[in-house]
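Novice: Based on the sequences and whatever the hints tell you, model everything.
Protein chains in written order, with the working numbering: chain A, 1 to 120; chain B, 1001 to 1459.
No lab work stands behind these hints, which were simulated from the structure alone.
You may find that some hints are simply not true.
Claimed, not checked - Only some residues are given here: those of chain A computed to face chain B with a beta carbon under 10 Å:
{"id": "1", "residue": "Gly79"}
{"id": "2", "residue": "Pro82"}
{"id": "3", "residue": "Val113"}
Every residue gets a Cβ at the ideal spot worked out from N, C-alpha and C, and that includes glycine.
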Amino acid sequence: MTLPILSPRRPSRRAGLLATLALASGAVMAACGPGDASAVGVVVAIDPSATLEVSGFTLRTADGETLAFAVGPVELDSGAFPASHLREHLATSQPIAVAYRMEDGTRVAYRLVDAPWFTP
Amino acid sequence: MAGPAVAHSLQGRYESPLPLVVYLAGAAIAVGLSFAFVLLHDTRAETPPLGGPRSVPGWLRFGLRAVGIIGWLWIAVQAILGGAGDADVASLFLWVYGWVALAMVSAFLGPAWTWLDPFATLHDAGAWLLRTVGISGWRASPYPERLGAWPAVAGFVFFVWLELVFTQAGSGQTLGAILIGYTAISLVGMAQFGRDAWRANGETFSVWFGTLGRLAPFAIDPDDPSGRSVRRQPLGAGFESPGWTTARVAIVAVGTASIIFDGLSQTQLYFDLFGLPGLPVSTIILLAFLGIVVGAVLTVSRMAGLPALGAGLVPIAVGYLIAHYLTFLLSDGQRIVIAISDPFQQGWDIFGTAFYEPTINWLPSGVLWTVQLAAVVGGHMLGAWAGHQAALQAEPDAATDPAAALRLRRRQVPLALLMVGLTVLTLWSLGQSIVQEPVQPAATIGLVFGVLTGVVSPA
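Specialist: Have a look at this one:
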């Protein structure tokens, strides 16, 4: 009896390909999921302006609209910065992107990141 | 106390006379023509001889070791004492001086990490201490060959994630704690498999800086078992050294992909696609992107060969490093001035520099864009040359056999396409935050075309 000649198996490559496809699918699904509200613009005011803590700020967007935000507990991963850094953005007019949720009719910012792509 | 450490970006944009697409097309053509040149002319270089061994002076070796261990101790003390601010040295030493500056030194000078490496110094100090008190260690196990350099790749992916996703701005304490944990893993690895075997395969920074060091003019003398000598070599001669395994090509691919991701994640397109994702979604996106790029690189390597991909990608990774992180190095690198005034983040101001504000406003955005363009395109052109030379080594018959030469050229076409694609992608992402498009790009293109063809007078 002649045994069939098996082609060499490459499980690691197949596993890598599958993992890649799975991750890519996951990313696409994540992207298609419900996104939180966000806005991009330049910080034009900080509230209150006299103390170190920043409890709120005002953003001017590309279409000239001004949006007021309260600052909630902010997340600091994925390139986000703390609310105190908003003072630097106010001074330099470097644009930011804000993720926020609505609470009792108020926009509460929970993620602040640089938005270098934005042109005021 | 100074404010938390956060990214400082360049202010102002370069008001380009040309639309970004013209730069992208020019860069793609330059890289494509580089490949065409080396392939059609069958350009080849003689294998360069290594220079004679040169002993690295003891003061330099011990000086570098002292710098490495002082840096490690400084991070550890800050991690224990707490605090957050621009005086944080964990982010300064790891991301600015390590991830960026040391990578550049490794690529353009030589194996500085060999002696700066605090993990190896701690291991040596611990081993000496144990020997002194009469405790002998166990015999090191042989390093499992099947693992290759994959532990280093896994560590590299972890640090990339740490840098790009788990940023935790202002939390040097967390980063310091992670570095201490990584030190423990490194010491266990060195104790189990031997110091040199672990550094060659498992220790992320040794493998990464060592791989970048293939470009450098100085390399560790392979014939000196003490590791105290270096040899002078022509720039890029290290690419022809053996040892381009799948894992080592993968680490270069991860390095390249991570820099591209960093650029892409700061674009309007990324914002439109993903919004401002939190930690879990950002992690998935990052891993998916790294997986896609590494998958593409390893797929191309099956045609062009691992040495061609490894040698081709290292100059590209170095070029990207300069293009993306030069401003980061120049601005955040200045934070050492703050750190020496408040070394333990206790609100001190010893030298009156604790409130120094790093700036790079002296760097014109036009100059920066030019440097970025040159680094990316130059890296790719050098990569085309290096990849071709490495491929030639894998196909020695190509010098005499026309069929083998043709085979070689065909196998490098996917590599050329990959490089052109990477060039355009990374320059596009860089240009989003630097280049201010002209108001009427179509009219500008028409004007440029008219001047080039002589239809329109430049005046």
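Novice: Against each hint, give a clear statement of whether it holds in the structure.
Specialist: Against the structure, the hints come out as follows:
1. Gly79: Constraint on Gly79 of chain A satisfied, holds at 5 Å.
2. Pro82: 5 Å, holds
3. Val113: 6 Å, holds
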